[in-house]
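Take a look at the letters that make up each chain.
There are 2 protein chains.
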Amino acid sequence: MQNEYSKIQSDLSIAQAAKLLPITEVAETIGLTADDLETYGKYKGKIHFGTIKSLESRTDGKLILVTAMNPTPFGEGKSTVTIGLGDALNRLGHQTVICLREPSLGPVMGMKGGAAGGGYAQVVPMEDINLHFTGDLHAITVANNVISSLIDNHIHQGNALQIDPERITWKRAMDVNDRSLRNIVIGLGGKGNGVPREDHFEITAASEMMAIFSLAEDLLDLKEKIARTVVAYTYDLKPVTVGDLGAEGAVAVLLKDALKPNLVQTIEHTPALVHGGPFANIAHGCNSLIATKTGLKLADYTVTEAGFGADLGAEKFFNIKSRIGQLTPALTVIVATIRALKFHGGVGKRELSEENVEAIKNGFQNLMKHVETMNAFGIPFVVSLNRFVTDTEREISEFEKLCSKFNIPFAITDVWEKGGAGGIQLAERVLSIINQVEKTGSSFQPLYPSHVSLEDKMNIIAKNVYGAKGIELSPKAEKQLRDIEQNGWTNLPICMAKTQYSLSDDPKKIGRPKDFTIHIRQLKPSIGAGFIVAYTGDILTMPGLPKHPAALNMNMDGDGKVTGLF
Amino acid sequence: MQNEYSKIQSDLSIAQAAKLLPITEVAETIGLTADDLETYGKYKGKIHFGTIKSLESRTDGKLILVTAMNPTPFGEGKSTVTIGLGDALNRLGHQTVICLREPSLGPVMGMKGGAAGGGYAQVVPMEDINLHFTGDLHAITVANNVISSLIDNHIHQGNALQIDPERITWKRAMDVNDRSLRNIVIGLGGKGNGVPREDHFEITAASEMMAIFSLAEDLLDLKEKIARTVVAYTYDLKPVTVGDLGAEGAVAVLLKDALKPNLVQTIEHTPALVHGGPFANIAHGCNSLIATKTGLKLADYTVTEAGFGADLGAEKFFNIKSRIGQLTPALTVIVATIRALKFHGGVGKRELSEENVEAIKNGFQNLMKHVETMNAFGIPFVVSLNRFVTDTEREISEFEKLCSKFNIPFAITDVWEKGGAGGIQLAERVLSIINQVEKTGSSFQPLYPSHVSLEDKMNIIAKNVYGAKGIELSPKAEKQLRDIEQNGWTNLPICMAKTQYSLSDDPKKIGRPKDFTIHIRQLKPSIGAGFIVAYTGDILTMPGLPKHPAALNMNMDGDGKVTGLF
Chain E
1 MQNEYSKIQS DLSIAQAAKL LPITEVAETI GLTADDLETY GKYKGKIHFG
51 TIKSLESRTD GKLILVTAMN PTPFGEGKST VTIGLGDALN RLGHQTVICL
101 REPSLGPVMG MKGGAAGGGY AQVVPMEDIN LHFTGDLHAI TVANNVISSL
151 IDNHIHQGNA LQIDPERITW KRAMDVNDRS LRNIVIGLGG KGNGVPREDH
201 FEITAASEMM AIFSLAEDLL DLKEKIARTV VAYTYDLKPV TVGDLGAEGA
251 VAVLLKDALK PNLVQTIEHT PALVHGGPFA NIAHGCNSLI ATKTGLKLAD
301 YTVTEAGFGA DLGAEKFFNI KSRIGQLTPA LTVIVATIRA LKFHGGVGKR
351 ELSEENVEAI KNGFQNLMKH VETMNAFGIP FVVSLNRFVT DTEREISEFE
401 KLCSKFNIPF AITDVWEKGG AGGIQLAERV LSIINQVEKT GSSFQPLYPS
451 HVSLEDKMNI IAKNVYGAKG IELSPKAEKQ LRDIEQNGWT NLPICMAKTQ
501 YSLSDDPKKI GRPKDFTIHI RQLKPSIGAG FIVAYTGDIL TMPGLPKHPA
551 ALNMNMDGDG KVTGLF
Chain D
1 MQNEYSKIQS DLSIAQAAKL LPITEVAETI GLTADDLETY GKYKGKIHFG
51 TIKSLESRTD GKLILVTAMN PTPFGEGKST VTIGLGDALN RLGHQTVICL
101 REPSLGPVMG MKGGAAGGGY AQVVPMEDIN LHFTGDLHAI TVANNVISSL
151 IDNHIHQGNA LQIDPERITW KRAMDVNDRS LRNIVIGLGG KGNGVPREDH
201 FEITAASEMM AIFSLAEDLL DLKEKIARTV VAYTYDLKPV TVGDLGAEGA
251 VAVLLKDALK PNLVQTIEHT PALVHGGPFA NIAHGCNSLI ATKTGLKLAD
301 YTVTEAGFGA DLGAEKFFNI KSRIGQLTPA LTVIVATIRA LKFHGGVGKR
351 ELSEENVEAI KNGFQNLMKH VETMNAFGIP FVVSLNRFVT DTEREISEFE
401 KLCSKFNIPF AITDVWEKGG AGGIQLAERV LSIINQVEKT GSSFQPLYPS
451 HVSLEDKMNI IAKNVYGAKG IELSPKAEKQ LRDIEQNGWT NLPICMAKTQ
501 YSLSDDPKKI GRPKDFTIHI RQLKPSIGAG FIVAYTGDIL TMPGLPKHPA
551 ALNMNMDGDG KVTGLF
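Protein chains in written order, with the working numbering: chain E, 1 to 566; chain D, 1 to 566.
This is chain E alone, in the form it adopts within the complex (with noise of 0.2 Å):
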């Protein structure tokens, strides 16, 4: 998170002068002792899994989930405002626990910095959570290419299975922004070292082992997940599994310190589950379901985020994620801020600090859209409008007179600045309207169930949740959605690849866009996770590095100390 609230700290400083508690402190804050963690260091503890399954019988808590309004380009805060909410619901008197994706360290080196919140609301320590962590990323990593490595070894040594070295789907992963790695070709340098083919590096978040492992309920689980997983087609189109290979057993080996849940804390001490990090285009987009469901059976509240805009992350959450882990969401809050909705009334990037307040009406539209998602789900929700220091007085005004026209509940959060006492009024809305709703009973529901085609899944999500008129296949999907038919996959859900920009799958078409088709391009199944990608245009599954990467900034004094990292 660049720092647009304030440009007198930077996020790294205000991290590096946090108090931290001993993490064997803060778990004890939620009835955790010593003995139920792992650590890491004196500030990073893993929850081991005899704990998990001695909470079971436990009655679950409250879950709330923090999406957005589409972002602009520089994003909206939602990790600040989910920290925040925390926070603030923390100083309320409720026992409260964060779930948070873990960063990537790509994305850290290359464009976007840290992910770990910012300013006064962020998870700590900032530098370890945004380096190696403890080391799951990596243990994600090595995962993918030892099944990548294992199958061309097979097709080396004999292909038993008769695999066709042209129908693997598994690609090779890795956590660094690198174009180069898109589109190589491997096996080269003759008799010995291996079969020349077509190959594909995606930065490990949006692998589909990370998808796996952030869907996994437990040990068990993940590795009959990993055995079920499609890893490429033989000669005669029949499906490979990773159980074929024979190395579900290994490859969970690899994963099995990684699945416990990391606990941290924010800066102001609330525990925070920082755990599992898909991306949310090609992916599912939300931290992993053995933490939220951890955090369920240790706290009254569980505030956690979805990637990007409510359109990929909520709808991914509630379709995905709540179906295979049986979860029911009690609220959501939908982040909007000023610039996005000056952004999708229409103000270019570069003027998006200027004063507009027609734009904002206008813009409106778009937000509106997700309020309507959010009642079709059969969610409660409070909008929080995340403050800059850049927005006027005249602007919020227009924005609450658009809230109470529309009969919209509404919190302005300052938890940037603030820490959780500027995510107070927003903490006492979702309290409030969760204790109407407990009165009434949830209404949530999946949009679709599992037994509708797979064409149904993505109509329904199409003109529901985007606001199209239907989807289109282009004949390449077509054919792809027949073989998946044939292959007996049709009751699992879509994960939608789209762009988070706009609600349509064209990222200029910002606002709320009307009479638009979605196009679906290509199909692929993601067996292991459970689910069919429907990609809606090109979404790059490894991202490159920018002119001026941001490692370029970083430096380490003699005791590393770490400057730089933002």
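Be aware that one or more of the hints could be misleading.
Any copy will do: because identical chains look the same in the list, a pair fits if it lies in one copy or spans two.
With a straight-line Cα cutoff of 16 Å, these simulated EDC-like cross-link-like pairs (lysine to aspartate or glutamate) come out [said to hold, decoys possible]:
#1 K405 to E198
#2 K19 to E398
#3 K469 to E455
#4 K561 to D218
#5 K561 to D221
These aren't lab readings, by the way, just hints derived from the structure by calculation.
The hints should help you fit chain D onto chain E, whose structure is shown.
Then chain D, alone, in the frame of chain E:
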């Protein structure tokens, strides 16, 4: 280590049955408190840099290097003897620290199984150490690959430094055995996807980044070594460094935690620093300098090992690591086995378990050469016969007779089966020789001074360590030598890349070959690490997987208990 000693228990089951002490208690035995450690779970810790700094004024303990005769393809149990000797010294009441390389995951998943000793002479927790441990290898992998990505991105973004894409010497790395990545073409897919060029993956342990890491004195020295690392040449043949790319800060940041030495324990609770793991063929093959130096400050005796036979590991330990780190090793243990003696006496791989006294006589010549080499370095030694259950009384007595005949100090070790108790004889021998030498003073010195020519250095190693007539440079190596001289890198030591199975550069020449020449095929400057690698043959820097990879034996139950990891 495969279990050749006993068929009853696997290394893993022995390790899993061991009762470990909390690592803070192990640390206490060498005067460290909980505050000196960053713990990773209960049984692993990293020692803080502040602690290491505070030890600076202490006198160094004695350094014992464990090396070996030329090994068979099965390995002769050097790590096992290192651990058993450390345990034995500890049993005799001498404060001892063991220093070992950390295992690479690639071979663990591939051929070799674990690399943490064997039987009752192991470092534990065995699974952790063999799998991700404290994440050092992953950090090194990412640090390596961030440099690669920055190089390709620099070219893609305009190539201000004028890097010649055909002259990029820095390769990508992965800690997986993966022959298909040895030779690849990257940057395919047209505009926006990087510049197409040939590239290669090395296994992390074979990367220069690993060598740099393992030779760094502290964080600032690490950053300096990274900055000076040559990664490519310009179109007009000028070296391009990581410093030229401006990336040394970010790369050092990625390694700042990894560089802290890892503390674990043996089954008998002897403290062990397991840190850094460069290969011994194309790199210098011993644990990190910072771990060795820390061991010397913490204990009266530090027992460490260097990879493969004395012609590779010990030579590099003396000429490279001891030179760079200003170490004065006190004594060398040369590990021999009846199996290796027979192998060098001409017995085929399949007949090695059959008694063959005559072969031992012939094979003894191989051991004799290493004894002479120790004399050339002016370092006292003990030969340790690492006993296997298949060894017969007559074979062992032949070995003893030969040692007596040539006046070679020796001891029989039984550490796999008996732990430290099986190393008492060796420990007593070691102590008595060190005590004798202490009176006369050390006459250890590297075989050549820094200022002699690179050609002279190679000749000195070939003649004095291998017993060759001298070296012969290929035309390619001749040209590279001139380039290296022109760049002014002549003061660096040589790192020989040679087969471990023979004193010569031909793996088939067993025993003590005579009248041979060492063929230098090419030279590669590793400026960051601080040596020039001289290749005497095709050394694979990326291993492949065998027909039945070790990974396929591994499994895990629902509680994360691992099976099939040897």
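Structure-based check of all given hints:
1. K405 to E198: neither (56 Å within a copy, 62 Å between copies)
2. K19 to E398: neither (39 Å within a copy, 67 Å between copies)
3. K469 to E455: within (14 Å within a copy, 76 Å between copies)
4. K561 to D218: Classified as between: cross-chain Cα gap 14 Å, same-chain 37 Å, threshold 16 Å.
5. K561 to D221: Between copies only: 15 Å across, 40 Å inside.
Taken one by one, the earlier hints fail for this structure at numbers 1 and 2, listed in ascending order.
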